[in-house]
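We have chain A; now place chain B onto it with these hints.
Going down the list, the protein sequences come from chains A and B.
Take the first sequence: its position 84, counting from 1, is numbered 84 in full-length UniProt numbering, and each next residue is one higher.
Take the second sequence: its position 72, counting from 1, is numbered 72 in full-length UniProt numbering, and each next residue is one higher.
Because the hints were derived from the structure by calculation, they are not lab data.
Since we're looking at a predicted model, the values are computed, not measured.
There could be a bad hint or two in this list.
In this list, chains with the same sequence are indistinguishable; a pair is considered to hold if it fits within one copy or across any two.
Claimed, not checked - Cross-link-like lysine-lysine pairs, in silico, DSS-like; alpha carbons within 30 Å at most: (1) 202 / 160; (2) 295 / 192; (3) 188 / 422; (4) 347 / 202; (5) 347 / 218; (6) 218 / 399.
Number of protein chains: 2
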Amino acid sequence: MKEQKEAIMKSWVSGTQNSDFTIYNLPFGIFKNKRLGPRAGIAIGDKIVDLSALHDHGFFPDIKLPERIFLEGSLNRFIRLGKPTTKKVRERVQQLLSEENPDLKDHQVRGKVMITRKDVEMLMPVEVGDYTDFYSSKEHATNVGSMFRDPDNALLPNWKHLPVGYHGRASSIIPSGQPIYRPKGQFKDPEKKEPDFGPTRKLDFELEMAFITGKDTKMGDSISTEDAEDYIFGFVLFNDWSARDIQAWEYVPLGPFLGKSFASSISPWIVTLEALEPFRAPSPIQEVEVLPYLKCQKDHGFDINLEVFLQPEKGNENLICKSNYKYMYWNIAQQLAHQTINGCNIKVGDMYASGTISGPTKENYGSMLELTWKGSQPLQLEGGKERKFIEDGDTVKMKGYGEKGGIRVGFGEVTTKVLPAKGN
Amino acid sequence: MKEQKEAIMKSWVSGTQNSDFTIYNLPFGIFKNKRLGPRAGIAIGDKIVDLSALHDHGFFPDIKLPERIFLEGSLNRFIRLGKPTTKKVRERVQQLLSEENPDLKDHQVRGKVMITRKDVEMLMPVEVGDYTDFYSSKEHATNVGSMFRDPDNALLPNWKHLPVGYHGRASSIIPSGQPIYRPKGQFKDPEKKEPDFGPTRKLDFELEMAFITGKDTKMGDSISTEDAEDYIFGFVLFNDWSARDIQAWEYVPLGPFLGKSFASSISPWIVTLEALEPFRAPSPIQEVEVLPYLKCQKDHGFDINLEVFLQPEKGNENLICKSNYKYMYWNIAQQLAHQTINGCNIKVGDMYASGTISGPTKENYGSMLELTWKGSQPLQLEGGKERKFIEDGDTVKMKGYGEKGGIRVGFGEVTTKVLPAKGN
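In isolation and in its complexed conformation, chain A is listed as follows (with noise of 0.2 Å):
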């Protein structure tokens, strides 16, 4: 699909072209409703195309899919059938719901196909067997560098020469919608002898973009940078919601854990790689040479604009950070290359995080930490309230969208609202 070169397609969908999900997006999500038990889709505008249902209608003619592939409960199965059937599979949709097609628009099957997209429950796009959460925001480690250590040597002596990265807990993996209870766990006052014990007191969200790997590879062998988005289904909003107070008396020296491991939110439909290459943009100049296996020959970042919203229980939405996935100092095919480069197999389904992604600037910041400095600068929000860090009740949503020469890709949301620690 060469989206930018030719004339603005449209779809015979309405309303459908300043929506996240154009015919330009077509992102694969996993759904069910009252009546139809959890499948495949992809969304267009404020519907989803039911793919279980165009494939038992027989829209999928030309294309090798097994029986029941969509109705799986998850997409690793979809995805493992490899980029050049998945490809076929979007492009057929994306052919199928143009302004000028009539073979689904003016067919009888229309109303079964075409699912109201506020009326399903989206659950997770796929089994996530590993997750890894990289720091891969120069500006966001600066941030933490600078007020946890100091400010003069905020980024330590490995950030420019690797993707520092750590595993992360992939259960607790959710889709937007789901609410998260507050953790309880550790923490200590530094004026204090003993830890404290009880609901985190510093919760925060990290505004994050994750992508999801296709493709397997088997021990011992690494991805060259070159190669890396053949590994790349596609991407999704990440929040990695962080209790700071655990995580600063827990993490030296085997690094975050329980500070983490409560929640992370997704959104819950996977942008592919494809939809996003009109967007794809130049990283940040590395200041640092790097070793050869982390060196590129093509710009790997994407100019995805990234907002959060809070909102308090009883209260509006407030705008507090403005971000962009291309502030990005390591971009995604040097952290597949790192992954891989100690012989590390990846599988179809892993999840792998950005990191919170802070730009120059403060409304870029990409968490509270970071928002209100570490509470000393808490946010004032519409009615006079303020937040040094979320509060029970509030609800945090992140959107996410390209775009550019009139095409428009966009995420949709994560939303997820914060209930008090269970038990209490």
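Just chain B now, with coordinates in the frame of chain A:
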């Protein structure tokens, strides 16, 4: 089963008395051979009981078992049936294998049910969802802290207040017998300004045990130390392969990543918690009073003798470490209570490794790092060889067993050969 108070049980299977796999043990695993596809079995002496064949021939008449439950290729779905069921299956097999019981011994299908163990390939017993590695041996943490930080303050302030742990990589956990490739990566000589790149120069093993969970929890829920064992199905030996130079350069501030994720090896037979009951033992006295959620009402330690052998490519096996699981400062109930205190959900098939199990004397040290004190005191091997770390062609074998009052329950072994880095 009240093994301790009764006369010693014997099996009609020959040569089981001094085996790791006595009639008191009966661990579960997944095997295949030239004739049979992947299936569940129970080990006894040098045989395996093919559970699927037993099931097919009606040997579990009073136990509610789904069809093909033993042909799933992993034990996850079987374990998920719950302890009342998995215990009944093990007890029924124990009856059938007892000296005095003719039901299987004299049955015409005996030849089909009893498989020769040396002819099979052992596979991963479970699909591992998440894998946590704890750091629960005080001796190990003290040794590492002394070497890398400060001998006078070897343990960090949090260490005695919580079982420190981190998330590990699940995809690269492999069964005994599968060789590993030496990992490549970045490491930095403190004398140099820039990092170097190549195959690790400091490949190490870590002697650990891991427990496997047998029951899910919901997000937001925590498991008490009192209930923790209800969630534990069984144990394996665990070799947490480590590349010390890669780890040293990467691990600040987010913890170990590529220095660990290239491989972890396990013994393929899951020894059930029930089988370890005779070896229950007190843990070391905790010097600092722990928070209420970490307090225990009973012993959760186990007296399991552990051994590590190192065999060069052309040379004999050398016993290089003798340790014991009972040295663990933090026990399994505390580990699971801590893992879930923040509401992190656990799943059937998760693996929770102990961290390196070192003891008070030098022969108890569970890694080359400690045994050679960072390479400064090379190990002397048979035939005039010496080792600072693990070399290409070396085979590392770990064994473990409990023995008490004539009852022996062993883990078999986890044996792994190290191959040169791929592509070099």
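Those earlier numbered hints the structure runs against, lowest number first: none
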